[in-house]
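Visitor: Sequence:
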Amino acid sequence: MDVLTIAEAAQSTGWSPRMLRYLEQVGLVAPRRSEGGYRLYGPAQVDRLRSLKQLVTTYDIGPAEVAFAARMRSEPQLGSAVEEWLAARPSRVEDPPDADWLRFEQEKHERLLTPTTTSSPHTSSREYA
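In our numbering, the protein residues as written are 8 to 136.
To be clear, the hints were calculated from the coordinates, so they are not data collected in a lab. Hints may contain errors.
Estimated spans, in silico, between C-beta atoms of each pair [stated by the list, open to error]: (1) 64 - 112: 42 to 52 Å; (2) 25 - 58: 11 to 21 Å; (3) 25 - 104: 51 to 61 Å; (4) 94 - 42: 46 to 56 Å; (5) 25 - 93: 25 to 35 Å; (6) 33 - 65: 18 to 28 Å.
Idealized CB from N, CA, C, for every residue including glycine.
With the hints as constraints, model all of the structure from the sequences given.
Guide: This is how it looks when you write it as structure tokens:
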């Protein structure tokens, strides 16, 4: 096998050309580029794409999860922060004072009832008070 274009690599590996661009963007594959800027996939990249396809299928995960795992490996501080968060026990006061709950509920309702200044496609043009 020589080098494959993105369309040929997509057909050969079962990924779409769009997904191959995404996989490159998140750093899971790095195809060479032609002088004209076209992506060229050699045997190593094609094998990598096929094994990635098998990995995500076998473990029912997405490429984004694999990309995040790779990022955790390359950024030790991120990996440590995630490990610390996972190991931490949630802390919550079992019986907070009534005044604290009342203040929390009042602040929550004030935030919900405050008109927003930006419009959202999910809200009507009228504001309700």
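Visitor: Compare the structure with each hint and give your call.
Guide: Quick rundown of the hints versus the structure:
Residue 64 and residue 112 have their C-beta atoms about 47 Å apart, which keeps the hinted 42 to 52 Å range intact. Range check, residue 25 to residue 58: about 20 Å between beta-carbon atoms, so the 11 to 21 Å window is met. A hinted range of 51 to 61 Å for the beta carbons of residue 25 and residue 104 is consistent with their spacing of about 54 Å. Residue 94 and residue 42 have their C-beta atoms about 50 Å apart, which keeps the hinted 46 to 56 Å range intact.
Remark: the range hint 25 to 35 Å for residue 25 to residue 93 is upheld by a beta-carbon distance near 33 Å. About 20 Å separates the C-beta atoms of residue 33 and residue 65, a value consistent with the hinted range of 18 to 28 Å.
Hint violations for this structure: none, all hints satisfied.
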